[in-house]
Amino acid sequence: MTPAAARSAPAGRPVSLPRALVSASFLYVWAALLLGAGVLLAFLVTPVDASGLGFTQKIFYFHAPIAETALVAFAVAFVAAVLRLIRPAAPPPGLEVAAVRLGLFFSGLVMITGMIWGRAAWGVWWAWEPRLTTFLLALLVYAAYFVVRGSIDDEQRRETVGSVYAIIAFVTVPVTFFATRYLPDGLHPVVITASEASMETSMALTFVVCTLGMFALLAAVLRSEIALAAGAEALDEVKDLLEER
Amino acid sequence: MAGRQLLALLRRDLLLETRRLQTVLSMVIFAVVAMVVVRYGWSGASTGSPGGSGSLGGPGAVGDAGPGGGTVPAAMLWVIFVFAAMLGLSRTFAHEREDECLDGLLLCPVDRVLVFCAKAITNLALLLVMQVVAIPVFGLFFLEGSAVRLLACTPVVLLADIGLASVGTLVATMVLHARSRDLVLPVVLVPLLVPVVIAATSATAAIVDRGAPLADVLGRLGFLAAYDVVFLVLAWGTYDLLMKD
Amino acid sequence: MTGRSVERTPERAWIAVEGLSRRFGRREVLRGVALELPQGAFLLLLGANGAGKTTLLRILATLLLPSSGRAEVAGHDIRTEPAAVRRAVGYVGHAALLYRDLTAAENLRFYADMYGLPDPAARAAEMLDRVELRRRSHDAAGELSRGMRQRLAIARALLHDPSVLLLDEPYGGLDDRAAGVLDGILEEHAGRTTVVLVTHEPSRPMRWATAVREVRDGRLHPLDVCAPGTGSR
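Protein chains in written order, with the numbering used here: chain A, 138 to 382; chain B, 532 to 776; chain C, 9 to 241.
Excised from the complex, chain A in its bound form:
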């Protein structure tokens, strides 16, 4: 790349930070609106649960969407990893790492909301029910993603190994879920689901709004992370060019 060409386009992909920030902000606004609406709906509009759980049941309007968002984040990482292994230039740099990080964050939230729910519903902080167990494993497996990346010095190898691991980790999630049916049952099986059979319209609406809001939040943060990563790469390339002179 000649210095003249580099001056006009410092990175492989044109970096338009203002444009990236605008699209990210757009997504953030949507996320805020949707989640705000979700909170209002959950606490003001939906009926209080009649089956004895009372007010605490409402945490479920957030627990399930967060769980879905975590899985979507891991799926994004999986797709980015597969793309990178097949066509190395295709996925935006930093997408895979950002998606895993966000997936971890949301998984942590799943654990917290799940434990609160479990405490309210069954009086226990922890139970080996399928969803909690699977998310706990996902937490561990994806935390190890960063351990693996952190231990490899060579940049190219780090990316390759990281991508392979992201693929393996994603496959492990459904595998673990199926494995949990072989866990010995406790005194009573604890299942954290809403009874879908009798979901009122307001409840269903709240679910949808919260889910969309979480997805929007995920998209917004991913967009910001990609822009940051591209910006950092562009900065490095400029530094290299300066050094060469």
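Everything labelled a hint here was simulated from the structure, so no lab data went into it.
Keep in mind that the hints are not guaranteed to be accurate.
Said to hold, decoys possible - Stretch-level coverage of chain B by chain C, calculated; a stretch enters the list once three of its residues show a Cβ under 8 Å from a Cβ in chain C:
hint: 1; segment: 543 to 556
hint: 2; segment: 626 to 634
What the hints assert, rightly or not - The following label-pair restraints were derived from C-beta to C-beta distances:
hint: 3; chain 1: C; residue 1: Asp169; chain 2: B; residue 2: Arg550; range: 27 to 33 Å
hint: 4; chain 1: C; residue 1: Ala42; chain 2: B; residue 2: Leu772; range: 38 to 44 Å
hint: 5; chain 1: A; residue 1: Thr338; chain 2: B; residue 2: Gly742; range: 49 to 55 Å
hint: 6; chain 1: B; residue 1: Thr685; chain 2: C; residue 2: Arg154; range: 48 to 54 Å
hint: 7; chain 1: A; residue 1: Asp290; chain 2: B; residue 2: Glu675; range: 51 to 57 Å
For every residue, glycine included, the Cβ atom is placed at its ideal position computed from N, Cα and C.
With chain A held as given, fit chains B and C onto it using these hints.
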């Protein structure tokens, strides 16, 4: 040609492992010592106090001692196997690390997947040798009456071992060039093996403790077989990339 | 299965490198290396430590992938036909590439099997004779002296009769006997086999050299050739 190369790789591994019995001896000694330690610890807590098995208190905890204490020893057996496996797995490429023998191997016109096959088979063999010693010891220490039932566990052990060996070899390759390899390998490997441990423990406990016939645990055997297939396919697809520089 | 199966024509470059670059992280070790060697050429590669000589050699041996550019060895592209290149290349690196716990014969036998050679045991014995290690055939490689290990490494590199020899400082730390064996082998192969030899002391192998290059700033720079050249750039 491929068959001949595979045999050559296996013969080399066999020679190297039997010249210096380091790896296999360490695995056997570790397994037996671990069982001794647990046995001593177990006699203290053997009268099955509820919640005494280390759960966070409450119903549904894995490892409640059933009659005759079946589930907990089975889980312990598989945990010990996993850690003994790790001793062997961390040595997977030990011979290649000396004198850059990995270069020597990569210089040969050999399909990288064959290298995986050879290493995985070697690791499987090491596991089996260790278990041939460890399983009778387990029967002796924990199962007085029902020790014979351990023979019926053979399919479980074989299928689980294939999973351990293939995932283990894949991960060992991923951390081949990593710093603090001995630290990273267990952290990365154990969460991935949790599904195997769950299924194998469940099946072993069913057979040993309740005398269940093999037909009862077919579901678990099928799960283990599926796990093996999934990860073997993953390894086959990604191994070439992992070996490239 | 030897490395000489591609038809040789006088004009065809046996090693052709174009625009070869390789970076490690942010550091660009090779930038735009170009090279053409006809069959039987003997190239000496000189240069300071860390200049990229080993990197270039490893790329030609398919141990490393270049970051950009093309390279063809023995008529095969290193990216698309690495197995064919590996069959044609014999590589001697800094390390011996031998298993310490295996005997000399077992080491060579293993590699002979990996290269798919007919009658591996006989070929191993033949090479052990060639490097004068017949009497140490059944000694573990770890017990051999440095000079003997290097001789064994050379035997390993020549097992499959490669048409290209890549040698990375092969004389380093050799005793007189081993150096003599290496001299003999190079004498025998000069003109028949395409050789690239990295060295810090060019005086010894200079007698066979048809081209000399210095690796500097990630590129190849020609130096004065003391022996008559055969048309290499």
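CB-CB spacing for Arg550/B and Asp169/C relative to the 27 to 33 Å hint: holds (30 Å)
Cβ separation of Ala42/C and Leu772/B, checked against the hinted range 38 to 44 Å: violated (29 Å)
Thr338/A versus Gly742/B beta-carbon gap, inside 49 to 55 Å or not: Given about 53 Å between the Cβ atoms, the range holds.
Assertion that chain C covers the segment 543 to 556 of chain B - criterion: three or more residues, beta-carbon distance below 8 Å: holds (count 5)
C-beta pair Asp290/A, Glu675/B: status relative to the range 51 to 57 Å that was hinted: holds (53 Å)
48 to 54 Å as the expected CB spacing between Arg154/C and Thr685/B, which holds or is violated: Hint holds: Cβ distance 50 Å, inside 48 to 54 Å.
Outcome, coverage hint (the segment 626 to 634 of chain B, chain C; C-beta under 8 Å; three residues): Since three or more residues must qualify, the claim that chain C covers the segment 626 to 634 of chain B holds, with 6 doing so at under 8 Å.
Violation of the numbered hints given earlier is confined to hint 4; every other hint is satisfied by the structure.
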